[in-house]
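Chemist: Sequences are here, hints too, so could you generate the full structure?
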Amino acid sequence: MTKKRNYDNWSKEELIREVIKLEKRKKYGVVWEDKLEEVATLCKEKLPILEEEVKKEIKTDSEKPVNILIEGDNYHALSVLNYTHKGKIDVIYIDPPYNTGAKDWKYNNHYVDSNDQWRHSKWLSFMDKRLRLAKKLLKKNGVFICTIDHNEQEALGLLLQEIFPGKNIVCVTIVHNPAGIQGDNFSYCHEYAYFVFSKGGRYIGHQIRNENEADIRNFRDVTGDDSLRTAAANCFYPIYVKNGEIIGFGDVCRNDFHPGKVNIIKNNGVIEVYPVDPQDVERKWRFARQTVKGVKDELKAKYINKRKVWDIVRIKNRFNYKTVWNDSRYSSNNHGTQLLNQIVERNAFSYPKSIYAVIDSIDAASKNNNEAIILDFFAGSGTTGHAILEMNKDDGGKRKFILCTNNENKIAEDICYPRIKNVINGYIGRISSKRIKGLAGNLKYFKTAFVDANPTDKNKKRLVDKSTEMLCLKEDCFDEVKKGEDFRIFKNSQNKYLGIIYDDKGIEGFKKEAKKMKEKFVVYVFSLDESAREEEFEDMADMVQLKPIPAVILNVYKRIFK
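Residue numbers 1 to 562, in this note's numbering, belong to the letters of the sequence shown in order.
Read the hints as simulated data drawn from the structure, not as lab findings. It is possible that some hints are incorrect.
Said to hold, decoys possible - With a straight-line cut-off of 27 angstroms between C-alpha atoms, the simulated DSSO-like cross-links for lysine-lysine are:
| # | residue 1 | residue 2 |
| --- | --- | --- |
| 1 | K505 | K136 |
| 2 | K558 | K64 |
| 3 | K293 | K316 |
| 4 | K562 | K458 |
| 5 | K322 | K293 |
| 6 | K518 | K505 |
| 7 | K505 | K86 |
| 8 | K140 | K518 |
| 9 | K562 | K56 |
| 10 | K562 | K516 |
| 11 | K199 | K64 |
| 12 | K135 | K167 |
The structure displayed is predicted, hence computed values, not measured ones.
Modeler: As structure tokens, then:
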């Protein structure tokens, strides 16, 4: 991926430095020529902040969580989130540009086409910067998901190994276009989704199937020598049934005990069911006594009318996700393009994901956590946000999403935001003309902006004055309850209180209001150094958790922009 160099005119010193550099180059993994990126170098001179677009706020239900849409370059958005959400994200799902060479992706404001000799290096440089910022946002048990096609699949896999050493990295194949996209030699009908998660434990949830798709089988092993009682003594024990319901499990039977039949009815009406087949052969249950409670919810007592006995069946509807997803629900045309065309202007966005591919990916990664925080920093048409709203509707969950997208070709203003707004509020289908009921929810819309990075007192004060949105986002407190001279107070639906003091003159005013409210506060107080003005709050130390601004923000930016 590197350009051949001409060393003829190099000096001896330059050649020595180049040899040393080449000797230090890694021997395994993906290697590329790192390319400067304007959005990253800008952060040496300007620090990213957030500014709210108040007119775009959506608020339909104060009991529902507040979701976030950030318009701006995702490098800047991720920089802000490194302050507000470090270690807080449960799932990151992204669908980055696939680098097809078809002029669908810009680098430094220029389209990268198939003739660009630095095409792959630019893509890797672009992804490397963002993935390293995103990694810091994940919880320790968080899961990262990245979709890709054949153009960069192998390079992405190696990059992920470098950024996430020691993690499980599993590549799932998703058939999203069964008809195939015609190529010179093959028709491509699939793409990939990389799942990155910790080792040593369950981090990927089960796929839940409906009743019609459930696997129903006898809980008793039925054939062969391996199914006999003698093959596993700890799998021979009674299962207690009463009134047609399983109520418990007995101890493993002694070797000299033989029930002689499937059922033994006790005086209290409890039926002991044993793994004895119709020929009175003693077999075994499929699970040992010490592990059977783990599948209790999948077991059901069933009356066999022909034999006049009770038996046990296992109804399995929870399965490990497979590494090949091949289902009509993953069609990017039917459940991506056609769905989007119903909600916003027709053909406004190319190749939106199937909403079900996103739902199943997030469902697998969040492992039944219906209060997860999900981040998508390549939000595009907003499929991830739509998917989260649908998931919350289905199970009453309180998942929250954070979407980040630039406004290239008005994608944020004309596609992503209108889609989320329509899905929340309801809309008339543009093709079907049917009224689609809204899913309800709340949304805050922010844009990235900047303040000067030069650490003068004036610039520090400017950063403090422009920090409100970042602090509200960090503390998840958006409802303003008091605005005074040089201070503001916010709260959320869980009665968490946030105070922001922008200047020394605001301290007394804030203290007076806080004492009236008699609540505990997280308080950000202006300070030109790293002290949080503790001496000013000695009389209410039990009420406030103090943090200095802008130091808490600058310390994060110093680390990521070094």
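Chemist: Decide, hint by hint, whether the structure agrees.
Modeler: Okay, the hints, checked on the actual structure:
no., hint, in the structure
1, K505 to K136, "violated, 36 angstroms"
2, K558 to K64, "violated, 35 angstroms"
3, K293 to K316, "holds, 14 angstroms"
4, K562 to K458, "holds, 22 angstroms"
5, K322 to K293, "holds, 25 angstroms"
6, K518 to K505, "holds, 22 angstroms"
7, K505 to K86, "violated, 31 angstroms"
8, K140 to K518, "violated, 35 angstroms"
9, K562 to K56, "violated, 35 angstroms"
10, K562 to K516, "violated, 43 angstroms"
11, K199 to K64, "violated, 33 angstroms"
12, K135 to K167, "holds, 12 angstroms"
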